[in-house]
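> What follows is the residue order along each chain.
2 protein chains.
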Amino acid sequence: MTSALLTDFYQLTMLAAYHEQGMTDTAVFEFFVRKLPPGRNFFIAAGIESVLDFLEGFAFTAEEIDWLAGLGRFKPAFLDWLGKLRFTGSVEAMPEGTPFFTDEPILRVIAPLPEAQIVETRLINLLQFETLIASKAARVRLAAGDRLLVDFGLRRAHGAEAGLLSARASYLAGFDGTSNTLAGMRWNIPVYGTMAHSFVQAHATELTAFESFARVHPQATTLLIDTYDTEAAAATLVPLARKLRAEGIAIRAVRLDSGDLLAHARKVRAILDAGGLHEIRIFASGNLDEYEIVRLLAGGAPIDGFGVGTRMNVSADQPYLDCAYKLQEYAGRPRRKRSEGKATWPGRKQVFRRFDTQGMMVGDVLTVAGDAQEGTPLLACVMRDGKRLGPTPPLAELRSRTRTQLAALPEPLRRNEATAPYPVIVAEPLIRLAAEVDAFGH
Amino acid sequence: MTSALLTDFYQLTMLAAYHEQGMTDTAVFEFFVRKLPPGRNFFIAAGIESVLDFLEGFAFTAEEIDWLAGLGRFKPAFLDWLGKLRFTGSVEAMPEGTPFFTDEPILRVIAPLPEAQIVETRLINLLQFETLIASKAARVRLAAGDRLLVDFGLRRAHGAEAGLLSARASYLAGFDGTSNTLAGMRWNIPVYGTMAHSFVQAHATELTAFESFARVHPQATTLLIDTYDTEAAAATLVPLARKLRAEGIAIRAVRLDSGDLLAHARKVRAILDAGGLHEIRIFASGNLDEYEIVRLLAGGAPIDGFGVGTRMNVSADQPYLDCAYKLQEYAGRPRRKRSEGKATWPGRKQVFRRFDTQGMMVGDVLTVAGDAQEGTPLLACVMRDGKRLGPTPPLAELRSRTRTQLAALPEPLRRNEATAPYPVIVAEPLIRLAAEVDAFGH
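Protein sequences appear in the order of chains A and B.
Just so we're on the same page, our numbering is the position in the first sequence counted from 1, plus 29.
Just so we're on the same page, our numbering is the position in the second sequence counted from 1, plus 29.
There's no promise every hint is true.
[As the list claims (entries may be wrong)] Listed next, the in silico DSSO-like pairs over lysine-lysine satisfying Cα-Cα at most 27 Å (straight line):
(1) Lys-104(A) to Lys-104(B)
(2) Lys-272(B) to Lys-64(B)
(3) Lys-272(A) to Lys-104(B)
(4) Lys-113(B) to Lys-371(A)
[Stated by the list, open to error] These stretches of chain B come out as covered by chain A in the derived footprint (C-beta under 8 Å, 3 or more residues):
(5) 37-46
(6) 113-122
(7) 270-280
(8) 317-331
(9) 361-369
(10) 399-409
(11) 453-464
What the hints contain is simulated information worked out from the structure, not anything from laboratory work.
Where is the CB? At the ideal position from N, CA and C, for every residue including glycine.
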């Protein structure tokens, strides 16, 4: 459960002013991304379930209120009120796993101004990170085709929660599993794991390390063969694997984790095949991302699966999104920020998505909520009066929905390179509203 | 408290083999960074206190052991043993805030092999992230001179823990405070906060927003002036600030958050000065990092403080470190990994640092532990038998120590550009040991 105090201090200084001024009318905020990072063609919405959990549990503890009182910056009446503050508003959102594009809101909060404001920091923190990783992981899935993909990134994720949420986001986006055991327990994600170099090093010889490991894990053995010399290890393995096979112990795969993965995979495949071990798969890891996977597969690498870590879990080529959670309406009046390079579309908005007869996406329309447009509306109410409208969907269900959505992405958008932008038309009523807000002075 | 299950699944498959084989002799692992990222000249050690907390609390819950049992991959005897596993080893480390260089270990674990192995994932997760951010934040501090520096990055940090740990790491490295309120409470870090654009937008006019905010926070008001038109807002502010000043309410600063910060800061400074408001400071935020701060200050920007967010909190130009936690010794015998591009120095190591008569760092010697070299040894024992040797030092004390350490960095290393590497000499005894290990076959 996230502490309500995990927020920017300015939320509290603003709330003190709102409380004193009685500014508690309904506010509408929307979360959206302003720009596609270089080389990217789409985003995958994620983090919405985490946000709903956070909103349902929103509350300050007595200890937190006491600590705030000790700062000497807030009046007791405000702190009393803050201690009782809960989230009582509504949320409208796209389902997790939906592809989306710049300026399209993926989540809207409708609540009394102080409630909609105080949740800003954590809401951006969750939506930007999970969307960042789901968007990156979807590219890795598109690059890898149907090959096995496992999240290996916990160790270089930015802390514990980043490791957990990136395991979840990558599974949502199509990975087959994770090395992150706690994520496996929490969301029922398949867990994968083999051995480290230290396991080989701790044994007197590589061969004894392999044999011991295989005997302890007779059903699911993957052996790491690059600790000293990759091809020598593969050659050593051949007689051992044949002996174990005769005893009913199968080596499922070997893992390569360093050097020229393309060259090693070819040589190791040849050694295993020459030894009659066609059934042993080759699994590769080490500095992988969608670019490297495309390169390896284009080179004909006989690799059956990939462990993808750091570069996916920190979205290394673009470790943050230019995103915002902006006030769109207060007390019934649409609002718009006009700061240089940061102007936004005002009011409550809806996105309509159009598909061709094959079910492929052909274009979106961004318009004001309530405007009827052709296509499927993407935002729907998921929380009312601070309560979820339905149970949390199982992650596997969201994952399978994401798979369908990815299959509907136009082919050029699936590539690693930036292409002509997916068409998002801003409808006339929204353009009109922006002009009206500007004329009014906000 | 971190769950022990927050680990790579391969740690558990390896432990099952170690348990079955009775491989519980003493292992020595060291954490180090292999490469300086482009443009960087040093690292700042951080995350050590978090690691010690983790090791002291290490334990699986009964629920976690039950979940593992349900996987059907482990024998009951192993799971019984795992449920009782605690960390009983020793730790030697550099103090947090120490500058260090490639291949220098900053932390060593000496423990029975299974204990030293199972903690690997979380240990890397903490050390790499906190070191990454402290190293980045130290560069920002060196760029900003004595100006006010506040961490603004919680919203785009990778989850909750990343936000908390980056607030801590940046304060350690010399920031003055953070917007992250929970971090303020947890580590006694000064919290800073003003207002968001939404505050201005929610009011009928910018002027009413400014006045209301100032009256609610008469001691510490910073006003955000770029929601619509920065210079127009500054002009509007002049008569208001003079009126409030007459009533004893001081506007401390204005904040600029968009557009050309250099040009805006100059114009706003001129407007404020012309209005006799010399005491109002200018605070800038928005896409800042050490490069942008150097550029602004080189251009003579009249900026008194900076809010630095995203690019520092995700270390945007280099969001991960090429680091490792490697087995250096098992059962009394030094070990060495020789994978391509990933070979390591074997055995237990010590770093000696030499200073000139002015107290400036002049060079390090990397050698085997126990070898006597000139200089100050940097690693010292901080945990024995699974217990810290002393109380956790207050963060402010570590921060002040870091300040001294940064002041001893040779001038060229403080710049934003890569320079000639700081001299780290590998001593003869370590070179000899590596040759011996290779000759032996490990």
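> If a hint holds in the structure, say so; if it does not, say that too.
Hints, one by one, checked against the model:
Simply put, Lys-104(A) and Lys-104(B) have alpha-carbon atoms about 59 Å apart, too far for the 27 Å limit, and the pair is violated. Restraint check for Lys-272(B) and Lys-64(B): the C-alpha separation of about 57 Å exceeds 27 Å, so the hint is violated. Under the criterion of a C-alpha separation no larger than 27 Å, the hint pairing Lys-272(A) with Lys-104(B) is consistent with the structure, at around 24 Å. With a CA separation close to 55 Å, the supplied pair Lys-113(B) and Lys-371(A) exceeds the 27 Å bound.
Counting residues of the stretch 37-46 of chain B whose C-beta sits closer than 8 Å to any C-beta of chain A gives 9, which meets the bar of three, so the coverage hint holds. Closer than 8 Å: that is the beta-carbon criterion, and the stretch 113-122 of chain B has 0 residues meeting it against chain A, so the requirement of 3 is violated. Here's how the stretch 270-280 of chain B fares: 0 of its residues keep a CB closer than 8 Å to some CB of chain A, so the rule of at least three is not met and the hint is violated. For the stretch 317-331 of chain B, the assignment as covered by chain A is violated, since 0 residues bring a beta-carbon within under 8 Å of that chain's beta-carbons and 3 are needed.
Coverage of a stretch by a chain is defined here by at least three residues with a beta carbon nearer than 8 Å to that chain's beta carbons; for the stretch 361-369 of chain B and chain A the count is 6, and the condition holds. Counting residues of the stretch 399-409 of chain B whose CB lies closer than 8 Å to any CB of chain A gives 0, so the stated coverage by that chain is violated, three being the minimum. Evaluation of the coverage hint for the stretch 453-464 of chain B: breached, as 0 residues show C-beta separations to chain A shorter than 8 Å, against a requirement of three.
Going through the hint list in order, the structure does not satisfy hints 1, 2, 4, 6, 7, 8, 10, 11.
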